[in-house]
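These are the residues of each chain, in order.
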Amino acid sequence: MLNVIEVKNLTQIYSADTPFEQVAIFNVSFQISKGEFVGIMGHTGSGKSTLVQHLNGLIKPTSGSVLINGEDIWAEPKEIKKFRFKVGMVFQYPEHQLFEETVFADIAFGPKNMRLSDEEVEERVHEAIQFVGLSPDILDKSPFDLSGGQKRRVAIAGVIAMRPDILILDEPTAGLDPKGREEILSHISEYHKKQGATVLFVTHSMEDIARIVDRIIVIRRGEILLDGTPKEVFSEAYTLKKAGLTVPQITSVFIRLKEMGIPVDTSVYTVEQALDQLVSLKGRRSSY
Amino acid sequence: MIHKLDPRIKLIATFLYIVAIFMAKSDTITHGIVSYGLSLLWLFIITTISKIPIKLMLKGLKPLLFIIVFTAVLNVFYTPGRVLFEFYFLHVTYEGIVLAFFMVIRIILLITGTSLLTYTTSPIMLTDGIETLLNPLKKIKVPVHELSMMMTIALRFIPTLIEETEKIMNAQKARGADFESGNLIERAKSLVPILIPLFVSAFRRADELAIAMECRLYQGGEGRTRLKELRLYKIDYTALFLCLIFFFFIIASGKML
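As given, the protein sequences belong to chains A and B, one line each in that order. The number in the numbering used here is simply the position in the first sequence, starting from 1, with 1 added. The number in the numbering used here is simply the position in the second sequence, starting from 1, with 1437 added.
No wet-lab data here; the hints were simulated from the structure. Note that the coordinates shown come from a computational prediction; the quantities given were computed from them, not determined experimentally. Treat the hints loosely; a few may be bogus.
[Stated by the list, open to error] Derived BS3-like pairs (lysine-lysine); straight-line CA-CA distance at most 27 Å: (1) Lys61(A) to Lys1496(B); (2) Lys1626(B) to Lys79(A); (3) Lys283(A) to Lys259(A); (4) Lys83(A) to Lys1604(B); (5) Lys82(A) to Lys9(A); (6) Lys232(A) to Lys35(A); (7) Lys113(A) to Lys1626(B); (8) Lys259(A) to Lys232(A); (9) Lys1665(B) to Lys1488(B); (10) Lys1626(B) to Lys82(A); (11) Lys259(A) to Lys242(A); (12) Lys87(A) to Lys1626(B); (13) Lys1665(B) to Lys1578(B); (14) Lys87(A) to Lys1604(B); (15) Lys113(A) to Lys61(A); (16) Lys1499(B) to Lys61(A); (17) Lys61(A) to Lys35(A); (18) Lys232(A) to Lys194(A); (19) Lys1604(B) to Lys82(A); (20) Lys1626(B) to Lys83(A); (21) Lys113(A) to Lys1604(B); (22) Lys79(A) to Lys1604(B); (23) Lys1604(B) to Lys61(A); (24) Lys1604(B) to Lys142(A); (25) Lys1626(B) to Lys142(A); (26) Lys61(A) to Lys1626(B); (27) Lys1604(B) to Lys9(A).
[Claimed, not checked] If you want the footprint, here are the derived chain A segments under chain B, 3+ residues with CB under 8 Å: (28) 52-61; (29) 74-87; (30) 94-102; (31) 107-120; (32) 158-167.
[Claimed, not checked] Examples of chain B residues toward chain A, derived with CB under 8 Å: (33) Ile1605; (34) Ala1608; (35) Gln1609; (36) Lys1610; (37) Arg1612; (38) Gly1613; (39) Ala1614; (40) Asp1615.
Built from N, CA and C at the ideal position, the CB exists for glycine as well.
Please take these sequences and the hints and turn them into a complete structure.
Okay, structure coming up:
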């Protein structure tokens, strides 16, 4: 399968050759193929946000390269904008970037910068607002009159309206209540399925991503610590703890069960999987 | 050692230093060499004691290079006197070159000397010092405490706002905003997506800070005590004494020679 994102030996050093030198990313390489839903996890300050900002050229790597659809994004620095439209990036607390007078104008900012026709822009705005589950009635309102959760969804719609092939979200659920979190997650999942887009989801919360992603990359101190399916990653509970992360609650329950001598598989990470296991375990017991 | 001096002494010393440099005579070459030589020596001694690398001091001059060169050029061409050579309408005079030379030294001395104050004093100490020095003004109803609190807060938020600006710029760049190309009007317009969110967040921060301060029962300077009381030690008096001697020498050198 085609690698939409290819990162080769990426290194980022801030203030090189000064006493304040700081290695943010060190020799990171990975590939992501089309249509994957990847979670990027790491402790605060692990370099995960820095890493994803390289993918649409907001930060230029000190060394190494980033390839999008096989093209080096820094081959022609003046053409970098082209990649910013391909790789949509939703920042932490994206509601702080809203500035237009109406929600419509704000969502249209990206598509307008792409120099699309007015009809196309309008179509995309309507499509985007539906994707994030808001009613088209609010398009005429001022974004500053909305609630926090609505603002965030408008901001996400502003990126989705560019129809990026790759969507990167940096902690999109931070500071939301459980219901808002659930909603945002399901809308992102839907975007992933309907558009066949590649999605990168940056977070430090296990519970968020465990059940929706295909693959998890764990970053620790600017290096890749683990890379694999959720099942593979969560079975490394000890390594995760070292990186300052925890496994999902249900996994830790199962780890404890195993320690107590109950023959369970500790690689479960959703409640449904756990239930299956318990049911089959019970079945075995009763056959004695 | 310089770092530990009382901020009030440092402020007074810097003030004396600035006045001395402005009063230093440079009408003749001997005057100039003596007074600026003395000032340079003085600055050099303090820099050495404070252990601030000279490289860092010179780095601070960089952003002002344009002003320095501009002043020098103006002085070289527009000072009347003995003409050394002419180039169309431009006359280079002997007096002009001398004046320009001393003017450049004067500016460099001023900038490096005052930056020494900020390099060796934390902003909080500085505002504390200013507040106590201006305290007598309270008698004529100048809100000294409020002013210094405003200054402290402003200084505190400079790095925060810079960081915020960077974040917003990145977010808008990710949506295809372009800050680098286009004519003047287009560029000014392209700042709107940065400035509005920046103002919104600055107001939000101000609100939050006000609430946080009120929660800690802040109610202005009346009866407020300090974590660190400013107190003068022997070394402070010595420093002040040395500064006065320097000041006296500069003034005297202009009068006597």
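Consistency of the hints with the structure:
no., hint, result
1, Lys61(A) to Lys1496(B), "holds, 25 Å"
2, Lys1626(B) to Lys79(A), "holds, 21 Å"
3, Lys283(A) to Lys259(A), "holds, 15 Å"
4, Lys83(A) to Lys1604(B), "holds, 20 Å"
5, Lys82(A) to Lys9(A), "holds, 21 Å"
6, Lys232(A) to Lys35(A), "holds, 21 Å"
7, Lys113(A) to Lys1626(B), "holds, 14 Å"
8, Lys259(A) to Lys232(A), "holds, 16 Å"
9, Lys1665(B) to Lys1488(B), "holds, 25 Å"
10, Lys1626(B) to Lys82(A), "holds, 19 Å"
11, Lys259(A) to Lys242(A), "holds, 18 Å"
12, Lys87(A) to Lys1626(B), "holds, 25 Å"
13, Lys1665(B) to Lys1578(B), "holds, 25 Å"
14, Lys87(A) to Lys1604(B), "holds, 20 Å"
15, Lys113(A) to Lys61(A), "holds, 25 Å"
16, Lys1499(B) to Lys61(A), "holds, 25 Å"
17, Lys61(A) to Lys35(A), "holds, 23 Å"
18, Lys232(A) to Lys194(A), "holds, 21 Å"
19, Lys1604(B) to Lys82(A), "holds, 17 Å"
20, Lys1626(B) to Lys83(A), "holds, 21 Å"
21, Lys113(A) to Lys1604(B), "holds, 21 Å"
22, Lys79(A) to Lys1604(B), "holds, 21 Å"
23, Lys1604(B) to Lys61(A), "holds, 16 Å"
24, Lys1604(B) to Lys142(A), "holds, 25 Å"
25, Lys1626(B) to Lys142(A), "holds, 22 Å"
26, Lys61(A) to Lys1626(B), "holds, 26 Å"
27, Lys1604(B) to Lys9(A), "holds, 26 Å"
28, 52-61, "holds (count 3)"
29, 74-87, "holds (count 3)"
30, 94-102, "holds (count 5)"
31, 107-120, "holds (count 4)"
32, 158-167, "holds (count 3)"
33, Ile1605, "holds, 6 Å"
34, Ala1608, "holds, 4 Å"
35, Gln1609, "holds, 6 Å"
36, Lys1610, "holds, 6 Å"
37, Arg1612, "holds, 4 Å"
38, Gly1613, "holds, 3 Å"
39, Ala1614, "holds, 6 Å"
40, Asp1615, "holds, 7 Å"
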